[in-house]
Amino acid sequence: MVLEFILAATIIVSLLAFSGVFLLKIKRTHLAIVLPLVVSFAAGVMLGDVFIHIAPESAAALGDTGVFFYLLFGVVAFLIIEKLLLWHHHKGAHIDAHEAKLTPAMVLIGDGAHNFFDGVIIAASFLNNFNLGVLSTFAIILHEIPQEIGDFGVLLSTGLKPKKVILYTFVAQLTAIAGGLITYFFLTNLAQFTQLFLPIAGGGLLYIATSDIIPELNKEVKLKENLFQIIALVLGITVMYYLKVYTG
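Under this note's numbering, residues 1 to 248 are what the sequence shown spells out, in order.
Treat the hints as calculated values from the structure; they're not laboratory data. Careful: at least some of the hints might be erroneous.
Here are the simulated lysine-lysine pairs, DSS-like style, with alpha carbons at most 27 Å apart [stated by the list, open to error]:
| id | residue 1 | residue 2 |
| --- | --- | --- |
| 1 | K27 | K244 |
| 2 | K244 | K161 |
| 3 | K25 | K244 |
| 4 | K27 | K224 |
| 5 | K83 | K219 |
DEER-style ranges, computed between Cβ atoms [said to hold, decoys possible]:
| id | residue 1 | residue 2 | range |
| --- | --- | --- | --- |
| 6 | K164 | K27 | 36 to 46 Å |
| 7 | Y246 | K161 | 26 to 36 Å |
| 8 | A32 | M1 | 16 to 26 Å |
| 9 | I182 | V76 | 20 to 30 Å |
| 10 | A61 | I81 | 37 to 47 Å |
| 11 | F193 | F228 | 39 to 49 Å |
| 12 | N226 | A178 | 37 to 47 Å |
Glycine included, every Cβ here is placed at the ideal spot set by N, Cα and C.
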């Protein structure tokens with residue numbers, strides 16, 4: 001049944017490619033209000049998932065020192081992977097990566113790699129505990145919706161037609177299924193690594209929250225919007241806490 005759960009979760013995540021269609025239906029002014037709050041809530045959910053669910057679950061098998069070592073290992077591993085992807089995209093260029101003109105291929109390769117590791121996190125969570133798998137999937141979905149809407153907008157800005165953007169983002173999103181399946185078969189055949197892999201995957205969530213999401217929130221300078229973002233982040237953590245209390 002674990003394989004079925006992983007497949008179902010990664011298919012749902014893959015279908016989020018279509019969330020970018022909201023850009024065609026909703027006014028940009030409305031999205032500008034809603035998306036920062038969704039992103040803040042997603043950051044809180046991810047942090048809560050790591051420190052309230054994944055870390056305690058892993059500590060039972062690895063001990064306090066072991067779990068935080070592998071969490072840190074996961075953070076560093078995801079940093080290295082992202083650095084390698086950036087280097088690959090910009091090698092040979094004599095400009096700063098942030099000043100480079102984004103091409104559809106760059107956006108889609110980056111999105112595909114990101115989605116692959118979402119699948120890895122989902123599979124590692126389900127292999128340890130069903131509730132943990134559901135919560136990690138929930139955290140990833142909340143992160144992916146604004147991520148896919150953002151990618152959709154970037155791809156439209158490169159001149160691609162909406163139908164092609166939908167198709168390409170869906171293909172890139174399918175890598176989540178590949179990540180889930182590869183992780184499942186790898187950890188099923190090497191069961192002794194399952195407990196080690198969960199905090200490493202948790203480190204991936206921690207890296208996404210602290211390097212991708214929170215820096216974006218720090219760009220906001222208005223006091224009112226900042227307060228709402230902080231409230232949304234704390235609400236995300238609170239939701240994960242009470243899910244722990246009521247689901248164990």
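Now for the hints, and whether the structure bears them out:
1. Between K27 and K244, the direct Cα distance comes to roughly 37 Å. Violation of the 27 Å bound is thereby established for this hinted pair.
2. Pair hint K244 plus K161 does not hold up; C-alpha atoms about 44 Å apart against a cutoff of 27 Å.
3. Restraint check: the Cα-Cα separation between K25 and K244 comes to about 36 Å, which exceeds 27 Å; the hinted pair is violated.
4. For the suggested pair K27 and K224, the alpha carbons sit about 21 Å apart, so the restraint of at most 27 Å is met.
5. With a CA separation close to 22 Å, the supplied pair K83 and K219 stays within the 27 Å bound.
6. The given range of 36 to 46 Å is broken by K164 and K27, whose C-beta atoms sit roughly 23 Å from each other.
7. The hinted window of 26 to 36 Å between Y246 and K161 is violated, with their beta carbons roughly 46 Å apart.
8. Checked against the hint of 16 to 26 Å, the pair A32 and M1 fails, with Cβ atoms roughly 42 Å apart.
9. A C-beta distance of roughly 21 Å is found between I182 and V76, which places it inside the suggested range of 20 to 30 Å.
10. Between A61 and I81 the CB atoms are about 25 Å apart, so this pair departs from the stated range of 37 to 47 Å.
11. Against the hinted window of 39 to 49 Å, the Cβ-Cβ separation of F193 and F228 comes to about 42 Å, which satisfies the hint.
12. Checked against the hint of 37 to 47 Å, the C-beta distance between N226 and A178 comes to roughly 38 Å, which is consistent with it.
Hints 1, 2, 3, 6, 7, 8 and 10 from the earlier list are contradicted by this structure; the remaining hints agree with it.
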